[in-house]
Amino acid sequence: MSAGTAGTGTGAAGTGAAGTGTGTMSTGDRRDEAATTGSRGTRLLGLGVLVGVVALILLGFFAAPADDEQRDAVRMIFVHVPSAFLTYTALLTTAVGSVMWLWKRSRWWDIVAHSAAEMGVIFCGLTLFTGSVWGRPTWNTYWDWGDVRLVTTLILLLMMVGYLALRAAGGDENAVATRAAVVGLLAAVNLPIINRSVEWWANRTLHQKSSLTDGNLEDLTLFTLFVGIVVWALFFVWAMVHRFRIGWLEHQLASVELEAALVQRRAEASAGSAEEASL
Amino acid sequence: MLADVWLVTDKDLRIEWRSRVTLSQVVPFALTVLVLFGFALDANRGVLNAATSGLFWLTVLFVTVVAVARSTAIETADGARRALLLAGIEPAAVFFGKTLAVALQLLGVEILMVGGVLVFYGTTVESLPLLLATCAVATVGIAASGTLLGALVAGVRARETVLPILLLPLLAPVLIAASRAFDDALGVLAVDGWAWLGLLGGFGVVNAALGTLAYGRLLEEA
Amino acid sequence: MTHLGYLLAGWGVSLGCGALYAVRLVLRGRRLSAAVPAGQRRWMTSDTASVEEAGT
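Protein chains in written order, with the numbering used here: chain U, 1 to 279; chain R, 1001 to 1222; chain D, 2001 to 2056.
Since the hints were made in silico from the structure, they are not lab data. One thing to keep in mind: the hints can contain errors.
Said to hold, decoys possible - In silico EDC-like cross-links for lysine to aspartate or glutamate, where the CA-CA straight-line distance does not exceed 20 Å:
hint : chain 1 : residue 1 : chain 2 : residue 2
1    : R       : Lys1011   : R       : Glu1090
2    : U       : Lys104    : R       : Glu1220
3    : U       : Lys104    : R       : Glu1221
4    : U       : Lys104    : U       : Glu173
Claimed, not checked - If you anchor each label on the Cβ, the simulated ranges turn out as follows:
hint : chain 1 : residue 1 : chain 2 : residue 2 : range
5    : U       : Arg105    : R       : Lys1011   : 29 to 39 Å
6    : D       : Leu2020   : R       : Thr1161   : 36 to 46 Å
7    : U       : Leu164    : R       : Leu1128   : 22 to 32 Å
Note that the coordinates shown come from a computational prediction; the quantities given were computed from them, not determined experimentally. The C-beta atom is built at its ideal place from N, Cα and C for all residues, glycine as well.
Just chain U, with the same shape it has in the complex (with noise of 0.2 Å):
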């Protein structure tokens, strides 16, 4: 509550700041130091993502079977089960990042909580997005309330979606985290009580059990499943790696303003008792 006017410009900066900060960089830089978020490792991992994702088309469509059953309709599970599995990474690091931001008050770990959330509501969305349009052929509806995984994914969500509502609104950059660690906290903590709770409510699940264990997945199926979690998982990694630095340049374009606005503050201070001196 302290430091209202530190934290007010962290969301609105980026833009505003934009401007006046490309004066100041040296245009002699090599060319890891140009301004951009990428490297090296990042390039050549997002060529990894674009390769793995024509692949997994390739796989997904044309060589894995179609299912006895769910016809073509199960190549959705390429897309829909990396989705849910990062979903729930995403929640666990956030958690993790919640935790060590609270224990150890690395601001390392508090970006890479908030990155996580970030990555963690696109997934969740898509999740459920995948899940209701494969539902629609296979189950005949887009929706169902007797779901568990359907309905505790919506309200973690939910819960997620306030997370990031929170960091957003802004404020001292300690306190902002220390609040969104609590949030994360909760989330994770309380989504075991969530899936009992809805467990319990409606005791008819559409699900299956689990795709992957119950052994009726051809082997290639399998396969694809796989080469999908890998191809989402390396995305998540480069979204991390940018996301992460897109924090701490925030972080860093904070301390900068805080730093002008208070050698501003001291040469107004100085001006003025220079002037009382004079008197």
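Position chains R and D relative to chain U; hints supplied.
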């Protein structure tokens, strides 16, 4: 520690009693929502009866948002938070004290709402012990998570909008569990209400524990 | 191929969202990098951070 808890509870309740916000605003709000649900469902006793438990607890959630916002406002005004910290009261005691104050107020509102439901919806009570136990256990969980989130959004500029979007999804399992337990207590559905009560208890314990751990940090810097 | 419409919708939205998000990240990163002095751009240069992220 217990004395400190009661000190905080007593303080909050006394402030409430002097301002009479709960009595003059929150109770009418709760009853209005109940009546409006009646309009929305077209005064159809059958539908109302089947939906009573859900409507009751949904109303409680709305009331919680109002009550928590009010409980937080007491602490934000005039830097009362700092004063509480400086007074040397443990943050955990402040947390439990405020939780208890919110819970007692909510319980009062709930009792009046049960009366309202009996009159307006023509509900009959099958198991009074289950009804009361559900109110008590659910309310403690609601108050604990509400107090925690209330302290959390205290320093946020847009706290009026941020509080509900954080609190309501979190309370979704309470809505589910308390409604089913009420279904049993009101004889609407043949479910095991006491099992749902266990889930409500779990929710309360988990969130109270997290609140105890985190409340101090939130008071200090958020 | 059966259910082609559903499949295209699911895959299209998934890949489309991923691509849009990636583009947004890169653009946002460029804008922010330009605003921050070169010496402070990487988190490695900071005193608070201790760990270096993999894949740099």
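* Asked: Given the hint that Lys1011/R pairs with Glu1090/R, does the C-alpha gap stay at or below 20 Å?
  -> 15 Å, holds
* Asked: Is the straight-line distance between the alpha-carbon of Lys104/U and that of Glu1221/R 20 Å or less?
  -> Holds. Lys104/U to Glu1221/R sits at ~15 Å (cutoff 20 Å).
* Assess, step by step, whether the Cα of Lys104/U is no farther than 20 Å from the Cα of Glu1220/R, and give holds or violated. => Roughly 16 Å separates the two Cα atoms, so the pair holds.
* Asked: When you take the CB atoms of Leu164/U and Leu1128/R, is the distance between them in 22 to 32 Å?
  -> Check failed, 44 Å falls outside 22 to 32 Å.
* Regarding Arg105/U and Lys1011/R, is the given constraint of 29 to 39 Å on their beta-carbon distance met? -> Given range 29 to 39 Å: holds, Cβ gap about 31 Å.
* To do: Starting from Lys104/U, check that the Cα of Glu173/U is at most 20 Å away, please.
  => Given that 20 Å is the threshold and the Cα spacing comes to 16 Å, the pair holds.
* CB-CB spacing for Thr1161/R and Leu2020/D relative to the 36 to 46 Å hint -> 27 Å, violated
Going through the hint list in order, the structure does not satisfy hints 6 and 7.
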